[in-house]
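**Student:** Here is how the chains run, residue by residue.
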Amino acid sequence: MAEHADHPAPAAHAAQAEHAGAVHAEMHHVNYVRIWQILLVLLVISVLGPMVGIQIVTLITAFGIAVVKAYLVAKNFMHLNVQPRFVVYLLGTALVFMLLFYAGTAGDVMKHSGDNWVKPDVVQAAPAPHH
Amino acid sequence: MRPIATTRSAAGLPTGLLAVWWVVASEIVIFGGLLGSYIMYRLAHDAWSEQAAATNVWIGAFNTFVLLTSSLTAVLAHQAAEHGDGKLAAKRLYYTCVGAATFIGVKAFEWTTEIQHGYTITSNTFWSFYYTAAGLHALHVIAGAILMLFVAADAAKGRELHRVELVGIYWHFVDIVWIFLFPLLYIAK
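Those protein sequences? They're chains A and B, same order as listed.
The numbers in the first sequence follow our numbering, run straight up by one, and end at 131.
The numbers in the second sequence follow our numbering, run straight up by one, and end at 189.
Watch out, some of these pointers could steer you wrong.
Quick list of the computed label-pair ranges, beta carbon to beta carbon [unchecked claim]:
| # | chain 1 | residue 1 | chain 2 | residue 2 | range |
| --- | --- | --- | --- | --- | --- |
| 1 | B | V23 | A | G21 | 22 to 28 Å |
| 2 | B | G158 | A | M51 | 47 to 53 Å |
| 3 | B | S128 | A | H28 | 42 to 48 Å |
| 4 | B | A10 | A | V33 | 24 to 30 Å |
| 5 | B | R159 | A | L95 | 18 to 24 Å |
| 6 | B | T122 | A | V33 | 26 to 32 Å |
Everything labelled a hint here was simulated from the structure, so no lab data went into it.
From the three backbone atoms N, C-alpha and C, an ideal C-beta is built for every residue, glycine too.
Could you put together the complete structure from these sequences and hints?
**Tutor:** If you want it as structure tokens, here you go:
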């Protein structure tokens, strides 16, 4: 484990040493350069995929691969898989908040009319100039 | 005298590490809200695809490459710190800072070009989101680089090596945010 300037109490030290041991063991068997190479291959696919011009291919290669890349970084570089479970729950809770926010406001933003209401016309901004 | 904040055992983590995960969770809500809003408007307004057509996918891809590579050097710095090699950890953190500077330099060039072509934050809602999301992310890149310079300076002297992991986790999160910003702003046209 990396050197710590502070000197935790025995109970804290044991828990922290356990965590550090898990991270240290994980670092021994992960080939970081290989993970990076995989990430670069995925980047190339995510750029080339949309050039096919098929919407479903674009969605998979752009956003599906983004999820895979994020997973690889979180698991292998952030070592999320060897953190205490509550860390995963903490981050998961933040993601759920994001979904709640989305669900709570999407109706107003994405629908233009409903029962007894119609969204007033939006003044269109002037089209952006072209290159 | 032992600082009180470093003696907690309930979490099973060093307090600094716990704090970084807390920061990351908070940042998920911040960026998640921003990206969620973007997706919401993008799905509701087909005109956005036309407005997004002007972003340069190759510049975005290059900056993705830069950030992924800087994440590699950050985790290799952590690995060096785990082996107690402060000088090597510092060196790799400086490489990460070079990545951050490259990213910001490319971003400055990109924005200058776009503004010169008339695409400003007030052009339309797409460009407002574009500059807000990419700008907020760029601020995080700058903040991360500054933090890393401090951590690297200590690490080079063999001090506070545990901070290499902490700043690395923050940096990888900034990388993950860009991983999602890239397809949203540059590819989905």
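**Student:** Next step is simple, just say for each hint if it's right about the structure.
**Tutor:** Going down the list of hints, with the structure as the test:
1. B:V23 x A:G21: 22 to 28 Å: Given a distance of about 24 Å, which is inside 22 to 28 Å, the answer is holds.
2. B:G158 x A:M51: 47 to 53 Å: Between B:G158 and A:M51, where Cβ atoms are some 50 Å apart, the hint holds.
3. B:S128 x A:H28: 42 to 48 Å: Holds, at about 47 Å.
4. B:A10 x A:V33: 24 to 30 Å: Taking Cβ atoms as reference, B:A10 and A:V33 lie about 37 Å apart, which means the hint is violated.
5. B:R159 x A:L95: 18 to 24 Å: Taking Cβ atoms as reference, B:R159 and A:L95 lie about 36 Å apart, which means the hint is violated.
6. B:T122 x A:V33: 26 to 32 Å: Once the Cβ atoms are compared, 44 Å apart, the range 26 to 32 Å for A:V33 and B:T122 is violated.
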